[in-house]
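Asks: Chains as they are written, first to last, in UniProt numbering: chain E, 1 to 271; chain Z, 1 to 260; chain H, 1 to 267.
Any given hint might turn out to be false.
What the hints assert, rightly or not - Derived lysine to any residue pairs resembling SDA-like cross-links, with alpha carbons at most 20 angstroms apart:
(1) Lys51(Z) <-> Gln195(Z)
(2) Lys12(E) <-> Met165(Z)
(3) Lys196(Z) <-> Ala242(H)
(4) Lys6(Z) <-> His149(E)
(5) Lys2(Z) <-> Tyr124(E)
(6) Lys6(Z) <-> Asp110(E)
(7) Lys6(Z) <-> Lys12(E)
(8) Lys13(Z) <-> Leu3(Z)
(9) Lys266(E) <-> Pro56(E)
(10) Lys51(Z) <-> Tyr44(H)
(11) Lys252(H) <-> Ala242(H)
(12) Lys6(Z) <-> Val126(E)
(13) Lys2(Z) <-> Gln95(E)
(14) Lys92(E) <-> Arg249(Z)
(15) Lys107(H) <-> Asp78(H)
(16) Lys51(Z) <-> Met165(Z)
Quick caveat, the hints were computed from the structure, so don't treat them as lab data.
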Amino acid sequence: MITVSGISKSFKVAKRTSGVKSAFKALFRREYTEVAALNDISFAIKPGEIVGYIGPNGAGKSTTIKVMSGILVPDKGSCSIMGYTPWLDRVKYVQNIGVVFGQRSQLWWDVPVIDSFDLLRDIYDVPEAEYQENLKLLTETLDLGDLIHTPVRQLSLGQRMRCEIAASLLHSPSILFLDEPTIGLDAVSKIAVRQFISRINQEKGVTIILTTHDMNDIEALASRILLIGKGTLLYDGDIGTLRDKYVDETADGSSSIEDIIVRMYKEYQIT
Amino acid sequence: MKLFGKYLLILFKSQMQYRTSFWLMSFGQFFIPFSVFAGLYFMFERFGQIKGWDFYEVALCFGVIHMAFSISECLGRGFDMFSTLVSNGDFDRLLVRPRGTVLQVLGSKFEFTRIGRLLQSLLVLGWAVYGIDVDWTFAKAITLLFMVVSGVFIFTGIFMLVAAMCFWTIQGLEIANIFTDGGREMAQYPLNIYQKWVVRFFTYVIPFGCVNYLPLLYILGKTDGSPLLHMLTPLAGCLFLVPCVLVWRFGVRHYRSTGS
Amino acid sequence: MRAYLSVFRLRLSMGLQYRTAALAGIATQFFWGFLILMVFVAFYSQSSIDSPISLPQIADYIWLQQAFLALIVLWFRDNELFQLITGGNIAYELCRPSELYGFWYAKLLAQRLSGALLRCFPILLVAAFLPEPYRLNLPATFEAAILSFVALLFGLLILVSISMLIYISTFVTMSPAGSLLLFAVLGEFLAGMIIPIPLMPSWMRSIVYALPFRFTSDFPFRIYSGHIPVNEALKLLPLQLAWLAALVAVGKYTMSKALRRVVVQGG
């Protein structure tokens, strides 16, 4: 379903120096440093999988998501998702995916949520019957109820996130990218979001790729994790194996997933 | 097109959430060009004419340009405000939707308060049409309409170019005012009052001459070539949008390869 | 006093950081000045009417306006202050041990000075070497140069007092855009920024002379070009100072009233 092979991507970053003299120089000539954001990343994902994509801040998670959702064009490598190359057939391809950026909103701030949904229906050209059916299902399972008639600015963060996720699923995508969907949520909302994610995965067979810093998300949802650090893929496998490996090594035998990840980060020296 | 209407509706609803602010802004927008027009009026009261153009002729020019500017500022606000869309990352959101970027950026923002400016330019235009010494014919009325439409295309094109610059840098965009606000200020007088190089630049590079000068000659009966050609020049102005869209596309491609 | 000075210094260095913006601003203002001048040249080219101000004097007027734009326009806005007022965060400012009027005054003053410092010299320099009739001429006399500089500084103080009034009015209207727009459009016209004041009809001129706006730009720039002779300028200078005192007094008074209301309402 998803095959990523040998993706590399580097960015040019302008050097910033202090001092008036060098700043004046920078007006005319900037010096750049190349930063490798992704370095030869390869993996494959089967339909219906939930994959947790983890790594410290700045490791390249968002860049990978951007490449896979067709926003960014990589320098090297190939990627085939449902037969499309995301960055080449952008318009046709994105019809099949849903993306949630946890830190940004796709809903119109000042109008009721349902108005945003209606607009998205037109943007994605969703047939009316399918739209109504999806809307009904999402409203029930995400417990949106009256929320969808409230302007977004009056919603709490947890309520808003539920609406955001619903908005990304209105066009029944087969793949859902979730970029930090639980960021800033309280415990109740987090659990609600997690339950919903696993439910659409089981019932509708949506493939889910999830980035997060909350290891409880991973533990609750993902059977498989990808660990990325400094642009390189470091680990690809299931959580159980990981736990066995690291628990054995530690003397005190503590096995909280958070500890394991910290140990992994340390071992790979990526923090 | 239907989608465009939808965008319009949802943005109108949003704006109506802040009604007082909306009316205050519209009111202010009415007065900005009003003070400029008052200045123009006082100048004519003192000097009587400018290089052979009288007050009503210039007022016609003024009305057309300001009308075109306010319409394109209302519709093309998404491009005008594009730097915020890029810097807060919301442009990524547009890229994961199955629609063209131009339509989506256009639909991201409308500035309905420009109705104030539009109203003001309409009044000036009405006054000029009424006071000017022209036998109005159907063809001349159509030409006037063409002038406004062409102006809208050109201003929108400029907004688009400036927005495309955001893909490379969002610093120093103030310079783009030369072409937007500067273009507007300049084109409110018939083009031939300026220095040669300015006239050339604003005829061949940014075709304001096709909006406010050549067709104006036709309306005033001052042409010495084919009137049909003069009448159609505004359509040539519309072509300006083509390279602008191409530059925009190029910018989007650059953005997607650098992700800056 | 030290507190005001350090606010002033901080703002100044912040403003100086935006170099690219400054460069772009210089180019824009240069183009702008040229455009306006071309219109005046066109008006003057065929007119046989005696004009109350000569074309070289207009050129001085326009270039000085462009060079010192940051010191003379009202529409510079400090969004931080507006948000402070409308967002209710004013409580923080009230906790500070300095008087709010002076504090904000210093902040606005520094913002404008930093804006102007970077931009004025390149514009003045290039404008001074343009061909006639676009050239910026040397000041009429040495005394005129000194006096116009002094008048410009007092004008700046007047301008900041006026913009303080705009911010204070936001306490009441809660809509920064509205107050600012109305003040800015009117003020710009009354300061001679749209057309020079000598070119206005006489009834308009009598209104303009009765108001403080002209002291911010029209007055110093006309002293520079000699359009207002030195001895007459000396007579007008006390009036300028009187306006300044009056505006500051009104500003302090209305601000203390507005703040009292805020405190009573509990923020």
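Asks: Does each hint fit the structure? Answer for all of them.
Replies: Verification of the supplied hints:
At most 20 angstroms may separate the alpha-carbon atoms for a hinted pair to count; lysine 51(Z) and glutamine 195(Z) meet this at roughly 12 angstroms. Restraint check for lysine 12(E) and methionine 165(Z): satisfied, since their Cα atoms lie roughly 18 angstroms apart, inside the 20 angstroms limit. With a C-alpha separation of about 48 angstroms, the suggested pair lysine 196(Z) and alanine 242(H) falls outside the 20 angstroms cut-off, and the hint is violated. With a C-alpha separation of about 18 angstroms, the suggested pair lysine 6(Z) and histidine 149(E) falls inside the 20 angstroms cut-off, and the hint holds.
For a cut-off of 20 angstroms, the pair hint linking lysine 2(Z) to tyrosine 124(E) stands: about 13 angstroms separates their Cα positions. Proximity of lysine 6(Z) to aspartate 110(E) is assessed by CA-CA distance (about 15 angstroms); at most 20 angstroms being required, the pair is judged to hold. At roughly 39 angstroms between alpha-carbon atoms, lysine 6(Z) and lysine 12(E) are farther apart than 20 angstroms, so this suggested pair is violated. As the CA atoms of lysine 13(Z) and leucine 3(Z) are separated by approximately 15 angstroms, the hinted pair is consistent with the 20 angstroms bound.
The hinted pair formed by lysine 266(E) and proline 56(E) meets the criterion: a straight-line CA distance of about 11 angstroms does not exceed 20 angstroms. In summary, the hint linking lysine 51(Z) to tyrosine 44(H) is supported, as the alpha carbons are separated by about 9 angstroms, within the 20 angstroms threshold. In summary, the hint linking lysine 252(H) to alanine 242(H) is supported, as the alpha carbons are separated by about 15 angstroms, within the 20 angstroms threshold. For the hint pairing lysine 6(Z) with valine 126(E), the CA-to-CA distance comes to about 15 angstroms; that is within 20 angstroms, so the pair holds.
Using a Cα cut-off of 20 angstroms, the hinted pair lysine 2(Z) and glutamine 95(E) holds, with the two alpha carbons roughly 19 angstroms apart. As the CA atoms of lysine 92(E) and arginine 249(Z) are separated by approximately 17 angstroms, the hinted pair is consistent with the 20 angstroms bound. At most 20 angstroms may separate the alpha-carbon atoms for a hinted pair to count; lysine 107(H) and aspartate 78(H) meet this at roughly 9 angstroms. For the hint pairing lysine 51(Z) with methionine 165(Z), the CA-to-CA distance comes to about 37 angstroms; that exceeds 20 angstroms, so the pair is violated.
Taken one by one, the earlier hints fail for this structure at numbers 3, 7 and 16, listed in ascending order.
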